[in-house]
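Enquirer: Kindly generate the complete structure, drawing on both the sequences and the hints.
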Amino acid sequence: MADTGSSARQFPAPGSAVPGAPPPLKRVLTPADGVRVAIPREPASLASVPDATTTVGGTRFTAAAALLGVAVGLELAGVLSRAFAASRARKMLT
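Counting along the sequence shown from 1, when you hit position 79 you're at 79 in the working numbering, and nothing is skipped either side.
Some clues are possibly wrong.
Stated by the list, open to error - Simulated DEER-style distance windows between Cβ atoms: (1) LYS91 x ALA66: 52 to 58 Å; (2) PRO14 x ALA77: 31 to 37 Å; (3) ALA64 x ARG90: 35 to 41 Å; (4) VAL72 x LEU29: 45 to 51 Å; (5) PHE11 x ARG60: 44 to 50 Å; (6) ALA64 x PRO31: 46 to 52 Å; (7) LEU67 x ALA89: 50 to 56 Å.
It is worth saying that the hints were derived from the structure and are not from the lab. In this text, a Cβ means the ideal position worked out from N, Cα and C, and glycines have one as well.
Expert: Put into structure tokens, the structure is as follows:
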């Protein structure tokens, strides 16, 4: 990643009072422009960080429950399609 200090000296900010600066922008800068959304001023304390074991465990159980639901749904769809296919086959034979 380029050094932001040297790039700031080479290219003045749009709309700044520095001679040779480009005109002000007509839109707000976004992260796609290379501008950070939020720059933390001081490091976060460890007290504000959630306990990783409870967060990860809950996420794992949620993902496992979702995958179990998908598996049960697919099994039900297979059973029902076989049952309906068998009943349709019997109706066609008669």
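Enquirer: If you check the beta carbons of PHE11 and ARG60, does the distance land in 44 to 50 Å?
Expert: Since PHE11 and ARG60 have Cβ atoms about 47 Å apart, the given range 44 to 50 Å holds.
Enquirer: Taking the beta carbons of PRO14 and ALA77, is their distance inside 31 to 37 Å?
Expert: 57 Å, violated
Enquirer: Does the Cβ distance between ALA64 and ARG90 fall inside 35 to 41 Å?
Expert: 39 Å, holds
Enquirer: Within 50 to 56 Å or not, the Cβ separation of LEU67 and ALA89?
Expert: 33 Å, violated
Enquirer: Falls inside 52 to 58 Å, the C-beta gap from LYS91 to ALA66?
Expert: Hint violated: Cβ distance 37 Å, outside 52 to 58 Å.
Enquirer: Could you say whether the range 45 to 51 Å given as a hint is met by the Cβ separation of VAL72 and LEU29?
Expert: 48 Å, holds
Enquirer: 46 to 52 Å was suggested as the range; check whether the CB atoms of ALA64 and PRO31 agree with it.
Expert: About 33 Å separates the Cβ atoms of ALA64 and PRO31, which means 46 to 52 Å is violated.
Figure legend: structure checked against the earlier numbered hints; hints not met, in rising order: 1, 2, 6 and 7.
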